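Sequences are here, hints too, so could you generate the full structure?
There are 2 protein chains.
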Amino acid sequence: MFKRYLPILAWLPHYNRRLGAADLLAGLIVTVMVIPQSLAYALLAGLPAVVGLYASILPAVLYALLGTSRTLAVGPVAIIALMTGAALSSVASPGSPEYLQAALVLSLLSGLILTVMGLLRLGFFTNFLSHPVIAGFLSASGILIAVSQAAHLLGVEASGYTAIALLGSLATRLGAVHWPTLALGAGTLIFLLLCRRYAKGMLRHLGLAETGAALLARSGPVLAVAATTALSWQLGLAELGVAVVGDIPGGLPPLTLPGVDISLWRALLVPALLISVVGFVESISMAQMLAARRRQRISPNQELIGLGGANLAAAFSAGMPVTGGLSRTVINDEAGAQTPMAGLFAALGIGLVTLAFTPLLQHLPIATLAATITVAVLTLVDIPMIRQTWRYSRADFSAMAVTILLTLVEGVEAGIISGVLLSMGLFLYRTSRPHSAIVGRIPGTEHFRSVTRHEVQTLSHVAFLRIDESLYFANARYLEDTVHAMVVRRPGLEHVVLICSAVNLIDASALESLDAINARLKESDVTLHLAEIKGPVMDRLKRSDFLDDLTGRVFLSTYAAWQALGNPPE
Amino acid sequence: MFKRYLPILAWLPHYNRRLGAADLLAGLIVTVMVIPQSLAYALLAGLPAVVGLYASILPAVLYALLGTSRTLAVGPVAIIALMTGAALSSVASPGSPEYLQAALVLSLLSGLILTVMGLLRLGFFTNFLSHPVIAGFLSASGILIAVSQAAHLLGVEASGYTAIALLGSLATRLGAVHWPTLALGAGTLIFLLLCRRYAKGMLRHLGLAETGAALLARSGPVLAVAATTALSWQLGLAELGVAVVGDIPGGLPPLTLPGVDISLWRALLVPALLISVVGFVESISMAQMLAARRRQRISPNQELIGLGGANLAAAFSAGMPVTGGLSRTVINDEAGAQTPMAGLFAALGIGLVTLAFTPLLQHLPIATLAATITVAVLTLVDIPMIRQTWRYSRADFSAMAVTILLTLVEGVEAGIISGVLLSMGLFLYRTSRPHSAIVGRIPGTEHFRSVTRHEVQTLSHVAFLRIDESLYFANARYLEDTVHAMVVRRPGLEHVVLICSAVNLIDASALESLDAINARLKESDVTLHLAEIKGPVMDRLKRSDFLDDLTGRVFLSTYAAWQALGNPPE
Chain A
1 MFKRYLPILA
11 WLPHYNRRLG
21 AADLLAGLIV
31 TVMVIPQSLA
41 YALLAGLPAV
51 VGLYASILPA
61 VLYALLGTSR
71 TLAVGPVAII
81 ALMTGAALSS
91 VASPGSPEYL
101 QAALVLSLLS
111 GLILTVMGLL
121 RLGFFTNFLS
131 HPVIAGFLSA
141 SGILIAVSQA
151 AHLLGVEASG
161 YTAIALLGSL
171 ATRLGAVHWP
181 TLALGAGTLI
191 FLLLCRRYAK
201 GMLRHLGLAE
211 TGAALLARSG
221 PVLAVAATTA
231 LSWQLGLAEL
241 GVAVVGDIPG
251 GLPPLTLPGV
261 DISLWRALLV
271 PALLISVVGF
281 VESISMAQML
291 AARRRQRISP
301 NQELIGLGGA
311 NLAAAFSAGM
321 PVTGGLSRTV
331 INDEAGAQTP
341 MAGLFAALGI
351 GLVTLAFTPL
361 LQHLPIATLA
371 ATITVAVLTL
381 VDIPMIRQTW
391 RYSRADFSAM
401 AVTILLTLVE
411 GVEAGIISGV
421 LLSMGLFLYR
431 TSRPHSAIVG
441 RIPGTEHFRS
451 VTRHEVQTLS
461 HVAFLRIDES
471 LYFANARYLE
481 DTVHAMVVRR
491 PGLEHVVLIC
501 SAVNLIDASA
511 LESLDAINAR
521 LKESDVTLHL
531 AEIKGPVMDR
541 LKRSDFLDDL
551 TGRVFLSTYA
561 AWQALGNPPE
Chain B
1 MFKRYLPILA
11 WLPHYNRRLG
21 AADLLAGLIV
31 TVMVIPQSLA
41 YALLAGLPAV
51 VGLYASILPA
61 VLYALLGTSR
71 TLAVGPVAII
81 ALMTGAALSS
91 VASPGSPEYL
101 QAALVLSLLS
111 GLILTVMGLL
121 RLGFFTNFLS
131 HPVIAGFLSA
141 SGILIAVSQA
151 AHLLGVEASG
161 YTAIALLGSL
171 ATRLGAVHWP
181 TLALGAGTLI
191 FLLLCRRYAK
201 GMLRHLGLAE
211 TGAALLARSG
221 PVLAVAATTA
231 LSWQLGLAEL
241 GVAVVGDIPG
251 GLPPLTLPGV
261 DISLWRALLV
271 PALLISVVGF
281 VESISMAQML
291 AARRRQRISP
301 NQELIGLGGA
311 NLAAAFSAGM
321 PVTGGLSRTV
331 INDEAGAQTP
341 MAGLFAALGI
351 GLVTLAFTPL
361 LQHLPIATLA
371 ATITVAVLTL
381 VDIPMIRQTW
391 RYSRADFSAM
401 AVTILLTLVE
411 GVEAGIISGV
421 LLSMGLFLYR
431 TSRPHSAIVG
441 RIPGTEHFRS
451 VTRHEVQTLS
461 HVAFLRIDES
471 LYFANARYLE
481 DTVHAMVVRR
491 PGLEHVVLIC
501 SAVNLIDASA
511 LESLDAINAR
521 LKESDVTLHL
531 AEIKGPVMDR
541 LKRSDFLDDL
551 TGRVFLSTYA
561 AWQALGNPPE
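Protein chains in written order, with the UniProt record's numbering: chain A, 1 to 570; chain B, 1 to 570.
What the hints contain is simulated information worked out from the structure, not anything from laboratory work.
Keep in mind it's a predicted model, so treat the numbers as computed, not measured.
There's no promise every hint is true.
[What the hints assert, rightly or not] Result set (DMTMM-like, lysine to aspartate or glutamate): computed pairs, CA atoms no more than 25 Å apart in a straight line:
hint : chain 1 : residue 1 : chain 2 : residue 2
1    : B       : K542      : A       : D382
2    : B       : K522      : B       : E480
3    : A       : K542      : B       : E455
4    : A       : K200      : A       : D382
5    : A       : K542      : B       : D382
6    : A       : K522      : A       : D545
7    : A       : K200      : A       : E210
8    : B       : K542      : B       : E480
9    : A       : K522      : A       : D481
10   : A       : K522      : A       : D548
11   : B       : K542      : A       : E455
12   : A       : K522      : A       : E480
Right under this line is the structure:
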C-alpha cells in the first residue's frame with residue numbers, strides 16, 4: 001500500500017554508494033544543462049525567466065518521491081509552456097500580477113486533475129489521443145513555437161498565440177528589425193544547428209566514448225549561453241538595445257498560495273485539463289520508452305499521481321505547469337542517472353543556482369534563449385511520420401491534418417480538441433458502415449474466405465455472410481439493409497448463415513435489428529442461422545428471447561453449418 | 001432523376017378509380033380524426049390552436065409530393081410539439097408575436113437542415129441515436145408531456161419545460177384547482193382510457209369487422225371533442241371559468257415569411273437540429289415498419305427531403321415543425337389509404353375545416369384536448385422495453401437511464417444530447433479494453449476456441465492469442481500490455497500467433513503498437529506471427545513496412561499456423 005503510492009520506498013532501502021556517485025554526477029550535469037531551457041520556457045509562457053528555475057526545484061523533488069520512472073526529469077517543457085502562455089493570456093495580460101497568479105491557479109488545477117485521475121485510475125483516458133493526433137499536434141506546436149521565437153531573434157515585438165496572428169504581427173514590424181539582436185540570434189542559431197548536426201561525430205573522431213560524446217554534444221546551449229552572456233556583458237549589448245534577461249531576484253522560491261477566484265478557476269479548467277492530458281502523454285511515452293530499455297516497469301496511474309504532485313508543488317512555490325521533459329530526461333539518462341536520487345541532486349543544484357548565482361544570468365541575451373528553443377522544437381516537426389501516415393491511412397491522416405491546421409490557425413486547444421473528436425468520429429463512422437463478405441469454403445479445408453478474393457466452393461441455397469464488425473446501434477440498420485439486399489438478389493435462397501467471428505459485441509439496438517431480420521426472413525421462408533458466436537456474446541444473447549425466436553440454429557463453426565445445411569461434394 | 005426526387009411520378013401514372021375511392025375515404029376519416037390532436041399539439045407547443053390546423057395542410061401536401069412512404073401522415077406530433085415549446089420559450093414569451101415568428105424560423109431551420117441532410121445523403125447520421133436512447137427519450141417525453149397537461153386538467157396555471165419545474169409549479173397551485181374543469185377533464189380522461197382498453201373488443205363483439213372496429217375505437221377523441229364541445233356550449237362552461245379554445249380565425253393559412261434575425265437563427269440552430277433528427281427518426285421508423293408490411297421500399301435520404309419540404313411549407317404557411325406522426329399514420333393506414341393521394345385529400349379536408357368550420361371549435365374545452373394528449377402520450381412510456389434493456393445490457397441501460405433522467409430534470413435537449421454522447425462514449429470505452437482469448441485446437445478439427453471455455457489442445461511453446469476487437473488508437477496500448485503480460489507469464493514461449501479474425505481495422509496508432517510488440521518480442525527471442533488477417537486489413541498492411549519487419553509469418557488460418565509451428569499429435 002505504502003509502496004504503491006510512494007515508489008521511493010522500493011529503491012531507497014537498496015541505495016548504495018555506487019548508485020549515489022552515478023546519481024550525483026548526473027545531477028550536476030543536469031543542473032548545468034537545463035538552466036538555459038528552464039529560463040527559455042518560462043519566457044515562452046510569458047512569465048519571468050526565474051519562474052522556470054523555481055519550477056525545476058520543488059516539482060522535481062515531488063516527482064522523485066511519487067513517480068515510478070527511475071530517470072524521468074520533470075520541469076517546464078516547450079509544449080506545456082506554449083499551452084500555458086495561450087491559456088494565461090486569455091485571462092490576464094503578460095507581466096501583470098494577475099498573470100503570475102493565474103499561472104499558479106493553472107498549476108494547481110493541473111495538479112488536482114492529474115492526482116484525481118491517478119487516484120481514480122483513469123490513465124486509460126489518454127489512450128483516446130491517437131498517435132497521428134499527437135504527432136500532428138507536436139509538429140504544429142514545433143512550428144508555432146519556432147514562429148513565436150522569430151520575434152526574439154529579430155529583436156521586434158510580436159503578439160498572439162496562433163501562427164497566423166504571430167506571422168501577421170511580425171510582417172508589420174519587419175522594418176523595425178534590430179540588427180545587433182539578429183546578428184547575435186542568427187549566430188547562436190547556426191552554432192546550435194551545427195552542434196546538433198556535427199558535434200557528436202567530431203567528438204567521437206577525437207576519441208571520446210559514445211556516451212561522453214553524446215553528452216558533450218548536448219552542451220551546445222550551455223556553451224552558447226556562457227559565450228553570449230560574456231559577450232553581452234563585455235560589449236554592453238543591453239545598452240545597444242539587445243534584450244537581456246535582466247535582474248533575477250536571488251533566493252529560494254517563495255511560498256505562494258493560488259487564489260480561489262471561482263470565475264478564474266472556471267476559465268482555466270479546460271486549458272488545465274488539456275495541459276494535464278498532453279503533458280501526461282508526453283511524459284508517459286518517454287518514461288515507458290526508457291523503462292522498456294532498462295527492463296523496468298512504469299505504472300501509468302502512479303505516474304499521474306507523481307506528475308500531479310509535481311504540479312501541486314509548482315503551484316505553491318511560484319512555479320508554472322510542469323511535466324516530464326524530453327530533452328532534460330535524455331540528458332539525465334545519458335549522464336548516467338540510476339535512480340530518482342539524480343533528480344533530487346539536480347533540484348538541489350538548481351536551488352543553489354537560484355539562491356546564489358542568478359546575477360551571472362543578468363546579461364544573458366533573450367535572443368540566445370530564443371535560438372535554444374527554436375533548435376529544440378524543430379525536432380518536434382516529424383515530416384517522415386506525416387508522410388507515413390498519409391501512405392498508410394487517409395482517415396488517420398485527415399485527423400492529423402486537421403490537428404496541424406487548427407493548431408496553427410486557431411491555437412493549441414482548438415487543434416487538439418478537434419483532432420481527438422475527429423479521430424473518434426472517424427472511428428465511429430467507419431464502424432457504422434461495416435465491411436461484410438459472402439464467403440465460401442476453401443476446397444478440402446474447414447476454412448472459409450471471401451468469394452471475391454479466393455477460389456472457393458459455394459452452395460446456391462445457403463448464403464454464408466461474414467460480418468466484419470461488432471454489431472451496435474450505429475450499424476444495426478446497415479446490417480438489416482445488407483441482409484435484405486442479399487436476399488432480394490438471390491431468389492433460390494433457403495438459409496442465411498451469419499458468421500459472427502468478428503462480432504465482439506451485440507448491443508440492445510443490434511439485438512432488435514437481428515430480431516427484425518429474423519422476422520423478415522421468416523416471412524420469405526428463409527431460415528436464419530448464426531455461426532462462430534464468441535463466448536461472451538453468446539452469454540449475453542442467452543439473457544434475451546432472441547435465441548428462442550431464431551428460426552434456425554447456432555453452429556459452433558461455419559464448417560459445421562456447411563455440413564448440416566448442404567451436401568458438399570467431398 | 002425526376003423520379004428519384006419526385007416519388008409522386010412513380011405512382012401517379014398508374015392511379016385509378018379503385019385507388020381513388022379508397023384514398024378519398026381514408027382522407028375523410030383522417031380529416032375528422034386528426035383535428036383534435038392538431039389543435040392539442042399546437043397548444044402543447046405554446047402556440048394558438050389554429051397553428052396545428054395550418055401545419056396539417058400545406059406540409060402534408062409537400063410530403064405527398066416528395067415523400068417515399070405511401071401511407072405516412074405528416075403533421076404536428078407530440079414530441080416535436082414539446083421540443084418546439086421548449087425551444088421557443090427560451091427565446092420569446094408564449095403569446096407574443098415574437099413567439100409566433102420564432103416558430104416559423106424554427107420550422108424553416110428544420111426544413112433546411114432536413115433538406116440539406118437529404119441532398120448530402122446524410123441519413124446515416126440518425127443511426128447514432130441508439131434504440132435504448134430513443135426508447136428512453138420517448139418514455140421520458142411521454143411522462144413530461146403528461147405532467148405538462150396536468151395543469152390543464154386541473155384548471156390551474158403551470159409553467160416550465162422540465163418535469164421538475166412543472167411539478168414544482170403545480171405543487172404551489174394545488175389550492176387553486178378549478179373543480180368544473182377537473183370534472184370535465186377527468187371524465188374525458190376516463191372515457192378515453194376505457195375506449196382504448198375496451199372499445200375495440202366490444203365493437204368486435206357487436207359484429208364489426210377487425211379493421212372497422214379498430215378504426216371506430218380510435219374515434220374516441222372525436223366523440224369526446226364533439227360531446228364536450230356541445231356540453232360546453234349548452235351549459236356555457238366558459239362563463240364558469242372552464243378554459244376553451246375560443247375564437248379561431250377562419251380562412252386558409254396566411255402566407256408567412258420567417259425573419260432573418262441572425263441571433264435568433266443562431267439561438268434556434270441546435271434545437272432545430274435536434275427536432276429534425278428526432279422527428280426524422282420517429283417518422284422513418286414508422287414508415288419503414290409500414291413499408292415492410294406492404295413490401296414497399298423507403299428511401300431514407302428522400303424521406304429527409306420529403307420532411308424537409310414539409311417543414312419549409314410550415315414555415316411559409318403560419319405553421320410549426322412537423323413530422324410523420326404515429327397516431328395519424330396508424331389512422332390513415334387503418335382507414336385503407338393506398339397512396340399519398342389520401343394525404344392530399346386529408347389536407348384538402350382540413351383546409352375546408354379551417355376555411356369554414358372553425359366556429360364549431362370555439363367552445364371546445366382545453367381540458368378535453370389535455371385529456372386527449374395525456375392518453376396518447378402514455379403509450380410512449382415503454383416499461384417492458386426498459387426492463388428488457390436492463391436485463392440484456394447494463395451499458396445500454398445506463399445510456400437509457402441517463403436519457404430518461406436528464407430529459408425529466410434538465411429538459412428534452414439535455415436528455416437526448418447526453419444520451420447520444422454517453423452511448424458513443426460507452427462504445428468507445430468498451431472497444432478500448434478489448435476482450436482477447438488464448439485459444440487451443442478442438443481435437444480432430446481445424447477449429448480453435450478459448451482455452452477457458454472448451455476442452456482444447458494447446459502447445460507449450462506457441463501461444464495462440466485471439467484479439468476480439470479492431471485495433472485502433474484507443475486500445476493499441478492495451479494490446480501491448482496484454483501481449484507483454486502473457487510473455488512474462490510463459491517463460492518457455494517461442495512463438496506468439498495473433499489471430500486477427502475479429503480485427504476489422506488496424507489504424508496508424510495500432511500499427512505502431514504492433515511494431516513495438518514485434519520489436520519487444522524479438523528482444524526476448526519470441527517470434528511474432530499473424531493469422532486470419534482479413535483481405536482489406538492485409539491490403540493496408542502491405543502499404544506499410546510492418547510486414548518486412550515482422551519476425552514471423554502471416555498464416556491464412558490458425559490451423560496452418562498450428563501445423564507449421566507445432567507437431568500436433570494427430
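Okay, the hints, checked on the actual structure:
Pair hint K542 of chain B plus D382 of chain A holds up; C-alpha atoms about 22 Å apart against a cutoff of 25 Å. As the CA atoms of K522 of chain B and E480 of chain B are separated by approximately 14 Å, the hinted pair is consistent with the 25 Å bound. Our distance criterion of 25 Å between C-alpha atoms is met by K542 of chain A and E455 of chain B, whose separation comes to about 21 Å. With a C-alpha separation of about 22 Å, the suggested pair K200 of chain A and D382 of chain A falls inside the 25 Å cut-off, and the hint holds.
With a CA separation close to 22 Å, the supplied pair K542 of chain A and D382 of chain B stays within the 25 Å bound. At most 25 Å may separate the alpha-carbon atoms for a hinted pair to count; K522 of chain A and D545 of chain A meet this at roughly 16 Å. Distance check on the hinted pair: K200 of chain A and E210 of chain A sit about 8 Å apart at the alpha-carbon level, within 25 Å; holds. A hinted pair counts as satisfied when its Cα atoms are at most 25 Å apart, and K542 of chain B with E480 of chain B qualifies at roughly 21 Å.
Between K522 of chain A and D481 of chain A, the direct Cα distance comes to roughly 16 Å. Compliance with the 25 Å bound is thereby established for this hinted pair. In summary, the hint linking K522 of chain A to D548 of chain A is supported, as the alpha carbons are separated by about 14 Å, within the 25 Å threshold. With a C-alpha separation of about 21 Å, the suggested pair K542 of chain B and E455 of chain A falls inside the 25 Å cut-off, and the hint holds. A threshold of 25 Å between alpha carbons decides the hint, and for K522 of chain A with E480 of chain A the separation of about 14 Å falls inside it, so the pair holds.
Checked against the numbered hints given earlier, the structure satisfies every one of them.
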